[in-house]
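Order-wise, the sequence lines are chains E and G.
Mapping of the first sequence onto our numbering: residues 593 to 700, in sequence order.
Mapping of the second sequence onto our numbering: residues 2 to 116, in sequence order.
Because the hints were derived from the structure by calculation, they are not lab data.
Don't take every hint at face value.
[Claimed, not checked] Cut-off 30 Å, straight-line C-alpha distance, at most; resulting in silico cross-link-like pairs (DSS-like, lysine-lysine): (1) E:K660 - E:K646; (2) G:K21 - E:K687; (3) E:K647 - E:K687; (4) E:K645 - E:K660; (5) G:K67 - G:K42; (6) G:K67 - G:K15; (7) E:K660 - E:K647; (8) E:K687 - E:K646; (9) G:K42 - E:K647; (10) G:K65 - G:K15; (11) G:K65 - E:K687; (12) G:K65 - G:K21; (13) E:K687 - G:K67; (14) E:K687 - E:K660; (15) G:K21 - G:K42; (16) G:K21 - G:K67; (17) G:K15 - G:K56; (18) G:K56 - E:K687; (19) G:K42 - G:K15; (20) E:K687 - E:K645; (21) G:K42 - E:K646; (22) E:K687 - G:K42; (23) G:K65 - G:K42; (24) E:K660 - G:K42.
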Amino acid sequence: KNEVEQSPQNLTAQEGEFITINCSYSVGISALHWLQQHPGGGIVSLFMLSSGKKKHGRLIATINIQEKHSSLHITASHPRDSAVYICAFAVRTDKLIFGTGTRLQVFP
Amino acid sequence: GAVVSQHPSWVICKSGTSVKIECRSLDFQATTMFWYRQFPKQSLMLMATSNEGSKATYEQGVEKDKFLINHASLTLSTLTVTSAHPEDSSFYICSARGDSGYGYTFGSGTRLTVV
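Just chain E, with the same shape it has in the complex (with noise of 0.2 Å):
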């Protein structure tokens, strides 16, 4: 069993749509990230949580400690959201371990 998972793997929306992805995880975290990858490649890092909710701009994550599961939420999804959403941890040594990534286009 990995010991991240996302869902969904592809998500296809229509502008103006209220997006969810979710992440789960087996093992105990003190953060959890959230990661936007542009179709050309570049991360940028939206969000590192440990607890409760964050919020900048459209984007919303939330954290649930104890039942190890993660939220990135989009409201009024635009097709500039589209991209790859990955969720990540780190370990002892500080590796991230990545989730597998979510695929999202969002159509005008």
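Given chain E, put chain G in place with the hints provided.
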């Protein structure tokens, strides 16, 4: 916010030549640098971790003599692909971490094509 500049963004080289990729942290001190490789539609694969002034720690299966990593200063790390072969064609991306907090800042990546 923290920025990591990675160059070049793409490079085409002939088989047998060497290619150097640079990652610079522009506004923070990168005590730890991570180098990743990514194949199309796959997740990032960690190649090595380097701390400033120390030898890099390579992941199992990564040839340290082929992928030379130097982290000589707190703002610069380089990955040199030596004697490149077509199978080394891939997307390479670095990530830097400073002393404060748990944040990781990624470079923009380098697409290497070996012909």
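Earlier hints that do not hold, by number = none
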